[in-house]
Structures are given as C-alpha cells and as structure tokens.
Amino acid sequence: MSFEELYIQYSPQVFRVCMGYINDYETARDLTQETFIAVWQNLPSFQNRSKISTWIFRIATNNCLRAIERSGRMKTTEVPYDLPAVQDETVEEKLTFLYSCISELEETDRIIISLLLEDLPKAEIAAIVGLGEGNVRVKTHRIKEKLAIKFKAHGIE
769 MSFEELYIQY SPQVFRVCMG YINDYETARD LTQETFIAVW QNLPSFQNRS
819 KISTWIFRIA TNNCLRAIER SGRMKTTEVP YDLPAVQDET VEEKLTFLYS
869 CISELEETDR IIISLLLEDL PKAEIAAIVG LGEGNVRVKT HRIKEKLAIK
919 FKAHGIE
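Heads up: the sequence shown begins at 769 in this note's numbering, then just goes up one per residue.
Wrong hints could be hidden among the right ones.
Simulated crosslink set (PhoX-like; lysine-lysine; CA at most 25 Å straight-line) [as the list claims (entries may be wrong)]:
1. Lys-914 with Lys-862
2. Lys-918 with Lys-862
3. Lys-890 with Lys-918
Bear in mind the hints are in silico, worked out from the structure with no lab data behind them.
Since the structure is predicted, the reported quantities are computational estimates derived from the model, not experimental observations.
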C-alpha cells in the first residue's frame, strides 16, 4: 500500500483518535499530520510484525501522549450532571459532547474507547495499549458504563 493510500484510509480515524485524547480540533489536526509525517519517514523500516493499522495507531497514541505531556496537563471541561435535557441536539453536538466525556476519562480508557470507536478489534487494541485482550474487554465494559451515566445525566439515551 502506498503512503497516499495509507493516508486516505487512516487519516480520518487517526484524527478521531487524536480528538479523543486532546478534544481540540486544531491540535488534533496537527497531531494527525505529525503522525503521518512519522509514518512517511518510517514506512521503509516497517517490518510487518503487526498490522499496519496497529502500527499507525500506536504512532498516533504516542504523539498524543507526548503532546499531553508537553502541555503539562490536558485541557478538560467539567460537564455538569444536572443539565436539562435538550431535545434538538444535532449529531455534531452529540459528537462534541461524546469527545468531551471521553476527554475526562483516564489516559488508558481514552485510548481504548477512541480505538473502539474506530472499530478496531479488541485483540488489536490490546496490542496497541499493551494489555491483555480480556483486560481490554473488562475496561471496555466499564468505560461504556461511565459514558452511559454521563449521557443519561445529559438527557441523551
């Protein structure tokens, strides 16, 4: 697969993963570009020990973690639990709320849910985050429960 094909196929997913970490559109775009610069520079040395997508997402997560470390602290906003239900939320508003909720999760949980949203298999997620597949399944269940509570409190079913 050529670099251009990799970029076309994976850049939207990498961007969404970066949004899950950073929750800032411009920074996520920059991190996506940095990820693909690293992919382009290191593509000749890729050894096919894992799927190319696993490798790309590992680069993206490392870039996000470094950016968070450089900033000293990730920007988060508290979501009040007593918000009134809003009936006419757009899909974009719901996604913004979802990313806001994700940004409040612990680091490993953010990685896992971001990769799940990209439909990566749990075995591949386990390889990316360095956990066992069973542990990823348990964490996935707990993350979904946490997000469901926040969505319910926000009036979203």
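Cross-check of the supplied hints:
Proximity of Lys-914 to Lys-862 is assessed by CA-CA distance (about 16 Å); at most 25 Å being required, the pair is judged to hold. Restraint check: the Cα-Cα separation between Lys-918 and Lys-862 comes to about 12 Å, which is no more than 25 Å; the hinted pair holds. About 24 Å separates the Cα atoms of Lys-890 and Lys-918, which keeps this hinted pair within 25 Å; it holds.
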